[in-house]
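Protein chains: 2
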Amino acid sequence: MSIIEPSKSLVKVPDIRDIRAAAKRIARHATVTPLLESLTLNELVGGRVLVKAENLQQTGSFKFRGAVNRLMQLTEEERSGGVVAYSSGNHAQALALAARLFDTTAVIVMPTDAPRVKVAKTLAYGGEVVFYDRYKDDRAAVGIRLAAERGLTLVPPYDDPYVMAGQGTVGLEVARQAAEMGAKIDALLVCCSGGGLTAGCALAMEADSPSTAIYSVEPEGFDDTARSLVARERVANVPGPTSVCDAVLVDKPGELTFPVNLRLLAGGLAVSDAEALDAVALAYDELKIVVEPGGAVGLAAVLSRKLDCRGKTVAVVCSGGNVDADVFKSIIDRVASHEA
Amino acid sequence: MSIIEPSKSLVKVPDIRDIRAAAKRIARHATVTPLLESLTLNELVGGRVLVKAENLQQTGSFKFRGAVNRLMQLTEEERSGGVVAYSSGNHAQALALAARLFDTTAVIVMPTDAPRVKVAKTLAYGGEVVFYDRYKDDRAAVGIRLAAERGLTLVPPYDDPYVMAGQGTVGLEVARQAAEMGAKIDALLVCCSGGGLTAGCALAMEADSPSTAIYSVEPEGFDDTARSLVARERVANVPGPTSVCDAVLVDKPGELTFPVNLRLLAGGLAVSDAEALDAVALAYDELKIVVEPGGAVGLAAVLSRKLDCRGKTVAVVCSGGNVDADVFKSIIDRVASHEA
Chain S
76 MSIIEPSKSL
86 VKVPDIRDIR
96 AAAKRIARHA
106 TVTPLLESLT
116 LNELVGGRVL
126 VKAENLQQTG
136 SFKFRGAVNR
146 LMQLTEEERS
156 GGVVAYSSGN
166 HAQALALAAR
176 LFDTTAVIVM
186 PTDAPRVKVA
196 KTLAYGGEVV
206 FYDRYKDDRA
216 AVGIRLAAER
226 GLTLVPPYDD
236 PYVMAGQGTV
246 GLEVARQAAE
256 MGAKIDALLV
266 CCSGGGLTAG
276 CALAMEADSP
286 STAIYSVEPE
296 GFDDTARSLV
306 ARERVANVPG
316 PTSVCDAVLV
326 DKPGELTFPV
336 NLRLLAGGLA
346 VSDAEALDAV
356 ALAYDELKIV
366 VEPGGAVGLA
376 AVLSRKLDCR
386 GKTVAVVCSG
396 GNVDADVFKS
406 IIDRVASHEA
Chain P
76 MSIIEPSKSL
86 VKVPDIRDIR
96 AAAKRIARHA
106 TVTPLLESLT
116 LNELVGGRVL
126 VKAENLQQTG
136 SFKFRGAVNR
146 LMQLTEEERS
156 GGVVAYSSGN
166 HAQALALAAR
176 LFDTTAVIVM
186 PTDAPRVKVA
196 KTLAYGGEVV
206 FYDRYKDDRA
216 AVGIRLAAER
226 GLTLVPPYDD
236 PYVMAGQGTV
246 GLEVARQAAE
256 MGAKIDALLV
266 CCSGGGLTAG
276 CALAMEADSP
286 STAIYSVEPE
296 GFDDTARSLV
306 ARERVANVPG
316 PTSVCDAVLV
326 DKPGELTFPV
336 NLRLLAGGLA
346 VSDAEALDAV
356 ALAYDELKIV
366 VEPGGAVGLA
376 AVLSRKLDCR
386 GKTVAVVCSG
396 GNVDADVFKS
406 IIDRVASHEA
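Note that the protein sequences, when read in sequence, are chains S and P. Residues 76 to 415 in my numbering are what the first sequence lists, from first letter to last. Residues 76 to 415 in my numbering are what the second sequence lists, from first letter to last.
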């Protein structure tokens with residue numbers, strides 16, 4: 076059985092037609108997530124903040140869009156052979172559920188220190204989990220080896236045109252929903268790891284909201300995209316730091332995603348873990364949504380004034396909501412103290 | 076200064092035109108909340124469940140709709156005098172924020188045992204809070220006395236045609252959003268206290284989705300509407316029981332709301348506190364939303380099979396998300412144990 080690696084066989088970057096096609100394709104399965112606005116949040120930042128709540132997506136993150144778009148384009152041979160992916164947990168859950176929807180199987184290579192909720196749900200959706208050591212093993216190599224050994228099709232988390240196009244449907248929705256609300260978006264802040272969501276959204280906004288400035292947002296110490304944008308080439312993070320934002324920790328920007336982000340982004344921002352946790356607490360308290368730390372870095376950038384939102388309309392993507400209960404409880408304590 | 080009591084001077088029950096007018100009126104201020112669907116939840120109940128997430132409304136509950144609709148129709152004399160309301164907390168917050176938006180002041184009569192978050196936020200929105208003893212005082216009497224003494228306009232929590240019409244906009248949205256999703260709703264479950272939301276939604280569905288069966292859902296021991304529907308007249312709860320569902324504990328159905336509910340409801344359901352808490356936990360874990368216990372009784376009725384949803388499409392209103400952090404933390408523990 077042949078090894079099929081979509082990111083290598085199709086090195087083409089998706090364009091707006093691919094994103095619009097993806098939107099039509101996934102419409103029956105994915106949720107059109109709301110673009111939320113809170114009068115309290117607006118008052119707090121002195122501008123208009125529109126929150127794209129992708130934590131309310133199926134499997135609790137935007138990753139479901141790309142997974143469905145990719146799996147709907149498997150050949151019959153690929154589908155019958157099953158898929159494999161490496162993921163810290165959100166791509167894992169998305170692919171596991173999508174695989175079940177399309178009658179195939181998914182093997183997921185996950186770090187041993189992945190949040191328990193992400194492992195538990197990947198298993199509950201029917202995925203097979205293979206663990207690797209985040210600090211010693213090369214997850215891509217593990218995935219490629221499994222693909223070769225078991226005849227599986229590799230579905231990369233971001234360096235794949237179908238996956239990027241699927242994630243870009245978030246941007247299409249933001250542009251359309253903002254227009255329906257009578258809002259003209261000055262800036263869009265996107266949580267950034269490998270850059271698939273950021274690049275997809277940037278391509279969508281280029282077409283449907285070209286005056287919007289796009290910013291990547293990353294955790295401090297993992298701001299490879301921000302630094303790569305400055306260097307104008309892909310630079311890796313310095314090993315050492317840790318972060319509670321498990322969903323957005325990659326070594327360096329993607330091969331396919333970075334050229335798009337270099338061309339279209341206005342800049343890259345970074346926030347501390349404390350700022351991300353404050354944003355999770357505010358999302359719980361004011362927006363009544365459950366956001367995971369990595370999914371809240373965009374909102375954190377707004378709240379911590381990494382971008383001055385005064386007098387502006389700023390959209391932020393809250394990209395996921397899969398957080399361990401004990402972590403979420405400790406974050407809520409930040410709110411509990413205010414109520415006392 | 077004269078005492079103005081809208082529920083007495085305007086005893087007319089609203090009709091569908093009043094609800095459509097309310098929808099237009101409040102559109103600039105209220106959120107069009109999403110109608111969420113989770114593939115996991117569908118699988119769990121063996122049907123299609125559509126969750127109207129009114130916890131994502133401004134001030135964290137549907138009450139903002141009715142408050143805005145009422146306040147936008149104050150006379151200049153009423154507006155300059157300020158408003159007063161009695162509320163366990165959600166109507167309180169809604170009215171406090173709405174009052175600030177329309178440049179007036181709100182005095183809220185709240186029980187001494189109201190959730191701390193509800194008191195804190197009512198104050199934060201600029202409301203003045205006057206406490207009463209839930210077990211000794213008549214809150215309506217306290218409100219009416221304050222209205223008389225201070226020349227305030229009373230805004231009742233449900234027995235008011237403008238308030239009912241505002242809450243009915245939830246039903247308009249459910250009908251439209253379901254149609255957009257290609258869903259025909261077999262049943263709509265509405266959290267029920269005084270019955271304003273239930274009656275408003277029932278009137279909206281009568282017009283826009285007439286084949287939908289409407290059910291009220293209440294906590295056990297506070298199922299006055301369910302029993303009144305059987306008795307075909309308003310009967311009160313037997314004193315004694317307590318419940319964690321603070322948002323939906325009234326003594327008996329409303330004077331204006333009950334005739335509507337008697338004419339339009341298919342029946343009334345009741346759930347235990349444990350069932351409500353399980354529903355809050357599921358909403359956190361699968362839907363990634365923060366729902367308060369009283370706001371989750373509709374979802375609880377689905378999960379506990381008080382209504383058999385197999386093969387059906389059932390919409391449920393999650394009416395609010397204002398829950399004390401310590402309570403929410405203890406509810407999350409129900410999920411944490413699953414992850415371990």
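Rather than coming from a laboratory, the hints here were simulated on the basis of the structure. A few of these clues could be false.
Any copy, or any two copies together, can satisfy a pair, since identical chains are not distinguished.
[Stated by the list, open to error] Think about it this way: if two alpha-carbon atoms lie no more than 20 Å apart in a straight line, the pair counts; the simulated SDA-like pairs of lysine to any residue are: (1) 99 - 256; (2) 259 - 103; (3) 99 - 252; (4) 99 - 261; (5) 404 - 352; (6) 259 - 386; (7) 259 - 104; (8) 404 - 175; (9) 99 - 114; (10) 404 - 361; (11) 404 - 100; (12) 404 - 353; (13) 387 - 150; (14) 211 - 152; (15) 381 - 404; (16) 387 - 309; (17) 404 - 191; (18) 327 - 151.
Cross-check of the supplied hints:
Within a single copy, residue 99 and residue 256 get their C-alpha atoms only as close as 22 Å, which misses the 20 Å cut-off; across copies the closest is 14 Å, which meets it. For a Cα distance limit of 20 Å, the shortest separation of residue 259 from residue 103 across copies, 16 Å, qualifies, whereas the shortest one inside one copy, 28 Å, does not. Within a single copy, residue 99 and residue 252 get their C-alpha atoms as close as 16 Å, and across copies as close as 18 Å, so both meet the 20 Å cut-off. Neither within a single protomer nor between protomers do residue 99 and residue 261 lie at most 20 Å apart by alpha-carbon distance, with minima of 27 Å and 27 Å respectively.
In this assembly of identical chains, residue 404 and residue 352 lie within 20 Å of each other by CA distance both inside one copy and across copies; the values are 11 Å within and 16 Å between. When the C-alpha separation of residue 259 and residue 386 is checked against a cutoff of 20 Å, the pair qualifies only within one copy, where the shortest distance is 12 Å, while the shortest distance between copies is 42 Å. For a Cα distance limit of 20 Å, the shortest separation of residue 259 from residue 104 across copies, 17 Å, qualifies, whereas the shortest one inside one copy, 29 Å, does not. For the homomeric pair residue 404 and residue 175, neither the shortest alpha-carbon distance inside one copy (31 Å) nor that between copies (32 Å) is at most 20 Å.
In this homomeric assembly, residue 99 and residue 114 come within 20 Å of each other (Cα to Cα) only across copies, at 19 Å, whereas the closest approach inside a single copy is 33 Å. For the identical chains of this complex, residue 404 and residue 361 are neighbours both inside a copy (16 Å) and across copies (17 Å), given an alpha-carbon limit of 20 Å. Taking the shortest alpha-carbon separations for residue 404 and residue 100, neither the intra-copy value of 38 Å nor the inter-copy value of 39 Å comes in at or below 20 Å. For the homomeric pair residue 404 and residue 353, the shortest alpha-carbon distances inside one copy (13 Å) and between copies (17 Å) are both at most 20 Å.
Taking identical chains as interchangeable, the C-alpha atoms of residue 387 and residue 150 are never at most 20 Å apart, the minima being 46 Å within one chain and 34 Å between chains. For the identical chains of this complex, residue 211 and residue 152 are neighbours neither inside a copy (34 Å) nor across copies (73 Å), given an alpha-carbon limit of 20 Å. For the identical chains of this complex, residue 381 and residue 404 are neighbours neither inside a copy (27 Å) nor across copies (31 Å), given an alpha-carbon limit of 20 Å. Taking the shortest alpha-carbon separations for residue 387 and residue 309, neither the intra-copy value of 31 Å nor the inter-copy value of 52 Å comes in at or below 20 Å.
Proximity of residue 404 and residue 191 under a CA criterion of 20 Å is satisfied in both settings, with 15 Å inside one chain copy and 18 Å between copies. For the identical chains of this complex, residue 327 and residue 151 are neighbours neither inside a copy (33 Å) nor across copies (61 Å), given an alpha-carbon limit of 20 Å.
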